[in-house]
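Generate the whole structure from the sequences, applying the supplied hints.
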Amino acid sequence: MTTNPLLDATGVVKTYGAVVALRNASLSVLPGEVHALMGANGAGKSTLVKILTGAIRADAGHILIRGEAREVRSPADARRAGLLPVYQEPSLIPDLDVASNLRLTGTPVEPFRAWVRELGIPDLDIRDIARDIPLAVLRVLDLARALAVEPDVLLLDEMTAALPANLAEKVLEVVRRQGDSGRSVIFISHRFVEISALCDRATVLRDGETVGVVDIEPGVEERIVEMMLGARIEKTQVAARQASQAASPRDSRARLGVANLRVGTKLNDVSFDLANGEVAGVVALEGQGQDELFAALAGSIRPSGGTIEVDGKPVKFAHPADAIRAGIAYVPGDRTEALTMQRSVRENIALPFSAALRNWGPINMAQERSRVVSAIERLQIDTRAQREVQRLSGGNQQKVTIARWIAAEAQTILCFDPTRGIDVRTKQEIYKLLRELADQGKSVLFYTSELEEVQRVCDRVIVIFGGRVVDVFPVELADEPALMRAAYGLPRGAKEDVGILADIHSSPVAKP
Amino acid sequence: MSTTAIQPVPFGRRLKRFMADRPLIPLIILLVILVLVLQILRPGIVNERWLANTVKFAIPLAILAGCQTMTMLTGGIDLSVGTVATMSAFIMATQVVHHDPAVAILIALVPAVLIGLVNGIGVGVFRVHPLIMTLGTSLIGTGCLQVYQRTVIASGAKIPPFLAWLGTGLTYGVPNALLLFIPVAVLIVFTLRRTGFGRLIYAVGDNEGAARLSGVRYWQVITALYVISSVLAGITGLLYIGLIKAPSLSLAEPLVLPSVAAAVIGGTSIFGGRGGYTGTIVGALILTVLTTLLTILQMPEGARRMLFGLIVLFVTAAYLRIIEDR
Numbered sequence: 001m002t003t004n005p006l007l008d009a010t011g012v013v014k015t016y017g018a019v020v021a022l023r024n025a026s027l028s029v030l031p032g033e034v035h036a037l038m039g040a041n042g043a044g045k046s047t048l049v050k051i052l053t054g055a056i057r058a059d060a061g062h063i064l065i066r067g068e069a070r071e072v073r074s075p076a077d078a079r080r081a082g083l084l085p086v087y088q089e090p091s092l093i094p095d096l097d098v099a100s101n102l103r104l105t106g107t108p109v110e111p112f113r114a115w116v117r118e119l120g121i122p123d124l125d126i127r128d129i130a131r132d133i134p135l136a137v138l139r140v141l142d143l144a145r146a147l148a149v150e151p152d153v154l155l156l157d158e159m160t161a162a163l164p165a166n167l168a169e170k171v172l173e174v175v176r177r178q179g180d181s182g183r184s185v186i187f188i189s190h191r192f193v194e195i196s197a198l199c200d201r202a203t204v205l206r207d208g209e210t211v212g213v214v215d216i217e218p219g220v221e222e223r224i225v226e227m228m229l230g231a232r233i234e235k236t237q238v239a240a241r242q243a244s245q246a247a248s249p250r251d252s253r254a255r256l257g258v259a260n261l262r263v264g265t266k267l268n269d270v271s272f273d274l275a276n277g278e279v280a281g282v283v284a285l286e287g288q289g290q291d292e293l294f295a296a297l298a299g300s301i302r303p304s305g306g307t308i309e310v311d312g313k314p315v316k317f318a319h320p321a322d323a324i325r326a327g328i329a330y331v332p333g334d335r336t337e338a339l340t341m342q343r344s345v346r347e348n349i350a351l352p353f354s355a356a357l358r359n360w361g362p363i364n365m366a367q368e369r370s371r372v373v374s375a376i377e378r379l380q381i382d383t384r385a386q387r388e389v390q391r392l393s394g395g396n397q398q399k400v401t402i403a404r405w406i407a408a409e410a411q412t413i414l415c416f417d418p419t420r421g422i423d424v425r426t427k428q429e430i431y432k433l434l435r436e437l438a439d440q441g442k443s444v445l446f447y448t449s450e451l452e453e454v455q456r457v458c459d460r461v462i463v464i465f466g467g468r469v470v471d472v473f474p475v476e477l478a479d480e481p482a483l484m485r486a487a488y489g490l491p492r493g494a495k496e497d498v499g500i501l502a503d504i505h506s507s508p509v510a511k512p
Numbered sequence: 001m002s003t004t005a006i007q008p009v010p011f012g013r014r015l016k017r018f019m020a021d022r023p024l025i026p027l028i029i030l031l032v033i034l035v036l037v038l039q040i041l042r043p044g045i046v047n048e049r050w051l052a053n054t055v056k057f058a059i060p061l062a063i064l065a066g067c068q069t070m071t072m073l074t075g076g077i078d079l080s081v082g083t084v085a086t087m088s089a090f091i092m093a094t095q096v097v098h099h100d101p102a103v104a105i106l107i108a109l110v111p112a113v114l115i116g117l118v119n120g121i122g123v124g125v126f127r128v129h130p131l132i133m134t135l136g137t138s139l140i141g142t143g144c145l146q147v148y149q150r151t152v153i154a155s156g157a158k159i160p161p162f163l164a165w166l167g168t169g170l171t172y173g174v175p176n177a178l179l180l181f182i183p184v185a186v187l188i189v190f191t192l193r194r195t196g197f198g199r200l201i202y203a204v205g206d207n208e209g210a211a212r213l214s215g216v217r218y219w220q221v222i223t224a225l226y227v228i229s230s231v232l233a234g235i236t237g238l239l240y241i242g243l244i245k246a247p248s249l250s251l252a253e254p255l256v257l258p259s260v261a262a263a264v265i266g267g268t269s270i271f272g273g274r275g276g277y278t279g280t281i282v283g284a285l286i287l288t289v290l291t292t293l294l295t296i297l298q299m300p301e302g303a304r305r306m307l308f309g310l311i312v313l314f315v316t317a318a319y320l321r322i323i324e325d326r
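The listed protein sequences correspond, in order, to chains A and B.
As numbered in full-length UniProt numbering, residues 1 to 512 make up the first sequence, in order.
As numbered in full-length UniProt numbering, residues 1 to 326 make up the second sequence, in order.
Keep in mind the hints are simulated off the structure, nothing from the lab.
Do not take every clue at face value.
Unchecked claim - Partial selection, computed: residues in chain A whose CB lies under 10 Å from chain B: (1) Gly299; (2) Ala329; (3) Thr336; (4) Leu339; (5) Met341; (6) Asn348; (7) Pro352; (8) Phe353; (9) Ala356; (10) Leu357; (11) Trp360; (12) Ile363; (13) Met365; (14) Arg387.
Just so it is clear, CB atoms sit at the ideal spot from N, CA and C, and this is done for glycine as well.
And the structure:
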């Protein structure tokens, strides 16, 4: 392939204040190529995509389209240059019918209809209101709308997520044909199966930098995983803790038993147990159903199937209050979801005490103070600015969200990425605290987006991919490369002989 | 914040922090200034009688403003308080012709409870915006009252002497209405500060999602709150009829918007989660004094209203500047 690239971005830099989102990203797409863009959470994929499609501007870097330098200042510019994205979120305006949506973007109707039929939806009425159309179909319509204007470069972000198998297959087929007809596709996906079936090459991003461009061939997935991990692959087993004795049969009955749990299309079939005295880690790429899993266990949303058992008794949570009564507390990843920012540290920690109707009366201030103070001391919360939680640092705010449930003496704590965006010292304190809780016989379910945390904190790790549990590790085996591979749905311990076409859904789930 | 600093900045910062931590102080300063202005414009007007009168008229406003404070703390508002107060006053005044005053009062409070319950369920369960919900029940209530009026047109109305004593009477120069107001005020302040229910009011208004994750059931808090607000409004109606002594179908309507204004001037945020009742009480006093001030200025009614509106806007904006510590 000696042709000139259709799209050639080099040295792209983007910073948000002190945070560097992209430090040196490049991406070169040849005509007729399906090009995968890969990277772990936070590697900079979505920032690069936004820059290419004109949604945000780069601080530095060159973007050549067909060999010409182009400034892509807005989505309309990108569109004129022949670059069209299809994002994960459906982009049709919900209150308009499909025909009006097409008119809005100047999309020709007949080609659109042809593509819709091609993509496996024979009976679409374009007078249907977008709101009434199921999500999976909406995504296909977005794709058809993009295809109808015949873009030179089509950018697909997790296109097959949330699609049923038959639609996904059609989509992949159409994408493949785009490549054959001389157009290019940038394909963002976490699924190696699709990438191997579709793509010609892959660009791998790590920490805002392009670390490699590889041809897709059998066995390349290991190299891609290595690239995504970078130097981290060297320092395996830094401080691997041994699975603690506590996890073993101090209490044989599971504290929390989850069986075949389903939530909408996001969480398909998840089963696991959580014992008293155990910290179980949950590892997943973004959007693999972990949000829904935690929300369902916390009583925030109702599962569409499966069972949850607490201490061996089946439970149904209609409201977080039900979960709390069963001793299950949820610490969300976003602190602003959990805190009443204008209220004091004390009121925030004491909030669950007053929640039940029978506790609406006068507060025993002395008793409340002692419970709150002991939780504050335990977490070493800096209380110099305690009159309003919003004046605290992020780390201290995060501690308040956990202190609340320590004070409320919750038996099981669901921690969703509690160390995101806080300083290293506070992170260490949180690791220590979670271990202490487990040693006191409490149980913790701990989702983290930072893989190295797993070995510091957990006894066991549950890996979720595509809404299913794909693997369960004892902590000794859970080094970063192993976790990364598992998070991408690659089978464990079969480095050499499993080709890239291995079907992730049939891979055996190891019993702990 | 851009401060046109005449004083050295550190002092300005410290003053601001001081005010932010004690939001009541600038309000009381404003109240004193208003009274001084009044005294300068009309020397001798500020005497014991004037004081008692001001307190007497401020009390119904302050209780209704308490309803607004509590609902505003949850991010809501209760525009039905005027109608509820009017209804309970009118029903009591007409029922007392046939029944014992205690029974008449109980009958009069029934519609208050009902309207509060409907408001609470509408806002808490069906998630109707409080503005629309309470405006709707207020119109319905007014309509019902007009229908009811036809049925009692022959029997007439009277005001029980006890309520007249409570509304207008003085004991050693102190308004008897304080006998009702002080317990009510203490109860509201105590509820907001020292009870679980009070905590939930603030929590729900600050971050409903966080309250939910802590196990708070929104509809329970909201329903209880609007019932309480409505009952307080009903009690205010009984007090107010004792003060005005002329039952009508729009008795307490003129108090509705001032009650919102008093809560806002008192530092309660209409977005919820921020404020308290003590500020509201001072806010109600400020509005009452301001009304007297504008009355003695002898301007045309239109100009007076314009000035009133402007002052309310200015005071609120300035006050938020002072107490907001950013």
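For the hint on Asn348 (chain A), just tell me whether its beta-carbon gets within less than 10 Å of chain B. Nearest chain B Cβ about 8 Å off; hint holds.
Does the closest beta carbon of chain B sit nearer than 10 Å to the beta carbon of Gly299 (chain A)? With a closest approach of 9 Å, the Gly299 (chain A) hint holds.
So, Phe353 (chain A) near chain B? Judge it on the closest CB pair being under 10 Å. holds, 7 Å
Interface hint for Leu357 (chain A), Cβ within 10 Å of any Cβ on chain B: holds, 6 Å
Hint validity - Thr336 (chain A) Cβ closer than 10 Å to any chain B Cβ: Check passed: Cβ of Thr336 (chain A) comes within 8 Å of chain B, closer than 10 Å.
Interface restraint verdict for Ala356 (chain A) against chain B (beta-carbon cut-off 10 Å): Cβ of Ala356 (chain A) sits 7 Å from chain B, so the hint holds.
Do the numbers back the hint for Met365 (chain A), that is, is its least Cβ distance to chain B under 10 Å? holds, 7 Å
Is the shortest C-beta separation between Trp360 (chain A) and chain B less than 10 Å? holds, 4 Å
Under 10 Å is the threshold here; is the Cβ of Met341 (chain A) close enough to any Cβ of chain B for the hint to stand? Holds: closest Cβ of chain B sits about 7 Å from Met341 (chain A), inside 10 Å.
Quick check on Leu339 (chain A) please, does its C-beta sit within 10 Å of some C-beta on chain B? Result: holds, 6 Å to nearest chain B Cβ.
Against chain B, run the beta carbon of Ala329 (chain A) and see if the smallest gap drops under 10 Å. Check passed: Cβ of Ala329 (chain A) comes within 9 Å of chain B, closer than 10 Å.
Just to be careful: measuring from the Cβ of Arg387 (chain A) to every Cβ in chain B, is the smallest value less than 10 Å? With a minimum Cβ separation of about 7 Å from chain B (threshold 10 Å), the hint on Arg387 (chain A) holds.
Going down the numbered hints, you'll see the structure goes against none, and every one checks out.
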